[in-house]
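K.L.:
Keeping the supplied structure of chain B fixed, place chain Z upon it in accordance with the hints.
Here's the letter readout for the chains.
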Amino acid sequence: MIQQLINGLLLGSTYSLIAIGYTLVFGVLKIMNLAHGEMFMIGGFLGILMVKLWNLPLPLALLGATIAAGLGGLLLDLVCYRPVKKTYFLAPALSTLGFGIVLKDLVVNLAGSEPQVFPAALLMGDFKIGPVLVSSIQLLVLALALALMLGLDWLINKTELGRSMRATAESETTAKILGINVNRVTILTFVISAALAGAAGVLIGLRLGKISPFIGSTIGIKGLAIMIIGGLGNLRGAFVSGILVGILELLTSVYVGAIYADVIAWTLLIIVLVMRPQGLFGSKINVDRV
Amino acid sequence: MKKVSYIFAGLMVILMLSLAGCSSAPEKQDGNKGTSSKNAEPVKIGVLTGLTGKGADWGKKQKVALEMVQEEINAAGGINGSPVEFLINDTAGDNQQSVILTRRLATEENVMAILGPYFSGECEVAFPQANELKVPIISATSGKPGISESNRPWSFRNSMTDDKMIDAALPLFLKATSAKRFALVVDMKDAISKSFGTAVLPASLKKQSGVTILNEKEPITYNTGDIDFSSQVTRIKQLKPDAVGIGGLYQEGASVATEMQRQGLKIPVIGNVGMYAEALITQGSSAVEGWVALSNFWPDSPSSRTQDFIKRFKDAASKAGLENPMPDSFAASMYDTAMITIDIMKREKINGQTPVEEAREKIKNGWASVKDYQGVMGMTTINDVGDGIKEVYSLIVKNGKWERLQ
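Here the protein sequences line up with chains B and Z, keeping their order.
Its first residue numbered 1, the first sequence is counted upward by one per residue in my numbering.
Its first residue numbered 1, the second sequence is counted upward by one per residue in my numbering.
Just chain B, same shape as in the assembly (with noise of 0.2 Å):
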């Protein structure tokens, strides 16, 4: 039984990790990024095959892997969002919708369909509290998921940057206005988002030992869910109802069988809409548009 929490807290941490790099560009742009999910895909593949062709060791594979995600983000900022009219806001939804089946298409027609595997030698170990066996590279994962969302939530409520981009989130005009460059605040959080996703896919295809090309599609609109469940734009909210999801869903194929596991997320998704639009732990975006 504690093990099995111990497996969903871990699962969930992964969730919640993704949730998170939706709900920053939600939060500060209010459009839904759906290349995301993608952008963790090809963070991983980069990891893997930075490790594999050019032998780098983990940690700059990482970094790597990070920084041409973030490049990802960039394009996608300069190809899905600038050109794209803003003010009907399925727009950017679908431009960023069809960056992602580039992407994956990309990625399946390279390297193809089957799963890239991350060498064995690579793999971290994992520790025993008592009888309760603990993955380290996804207590990493964990710890990271909470590192963001704390660092995320004091960069936005903190700093200068995060003051622009709230006054970005209110009202992209006035923000104008009052001297703020709002390019710059639009590129910068594609940017973030997307390099964390890459370091996000690199870890969890650790965690794996493999990363499929169709991971994106899967876990990525299960984080969607996951940050409307949490709240619209609401960091804290991605995290714990990532967390919770992961739990939910374990127990569920645990106890009931795994093919109601994948229902528990949408079913979650639809009790909140309908009981609670703002999300579990509330949002600070105008609800009367979801």
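Hints were generated in silico from the structure; no laboratory data involved.
Just so it is clear, the structure is predicted and the values come from calculations on it, not from any experiment.
Some chain B residues close to chain Z (C-beta under 8 Å, calculated; not the full set): (1) Gln4; (2) Val108; (3) Gly112; (4) Ser113; (5) Val117; (6) Asp126; (7) Leu133; (8) Leu208; (9) Gly209; (10) Lys210; (11) Ile215; (12) Val254; (13) Gly257; (14) Ala258; (15) Ile259.
Quick reminder that beta carbons are idealized off the backbone N, C-alpha and C, glycines included.
P.N.:
Showing chain Z alone in chain B's frame:
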């Protein structure tokens, strides 16, 4: 105005991309090029397999096998003067696509026969379509019992159902491992895996003496495409089995193995036909050591026919750019399936001019009476419910290689 047209153009691009992303466009194999019979109407045979999605590793190899057949047959003058043309369609392992593509091949492309689809789940929905449209449909791979039987007379499977295979393999497994206490693990989203793990394997285990199944009523479950198997393996450990029986496909199988290794569970595992793939070893490496799977094809078979096939396949697959050019059971089965079909056509004097209904009828009758066909897999006979009877090999991963368990 300019902005609006930008957006419109952007949306069109996205639309096109998303269509390209999920389409399964047919890949036409031009049978006319470079053959001796240039002007003759080609004999069209439809093929359903997965070139993307969950079985892509197998489907791509089937495609190579079909290209080999096409080249060989057309170089030798085709089928009674007509070149053969395979219309290879990608189902992506998706049941819905199989239905749509079966109907399309039968009614729009007017093929004389359909080879495929790949998975049992697909066959369950595609076979009734073919039966209704009166077109012979022959799966080279599906192994769940009963599917051809309930779709007589147009459906066949050039594969052995796994109940017959596990009955032959289980005694070998028990002898090699002296396992007594089995835990069952099942992929609930894949038809053959589900039937194997919840029905076929338990039934076969009960025929053996001294074997107990620890969780027959409540098998440990997961879904195709899952990535985290920590809870499943934790539950296996709680049952304290000395062997695991798993109904699943190789991709998840490799992940289960890795997780078992992580949680320190080292016991023998027996899977079914879905577990036999080279990719199980590339993805699972040392964790799949000692895993047993079932197959009707054994690459190290001393048969010269098999060895010759492997040699030619490796050349073709390397040319096609496959990372691992080794043929698997399913590529060999597709090769034989195509060859048997062409054999029947040659015998029945079918060529490109034969009316489609007549050709379909003759091919159906021909398949119903296949007996002791000597192919690259060994002997094949089709039984009275349309399923294949073949040789069974239990294969075990030893030192990172599939070896025969005897």
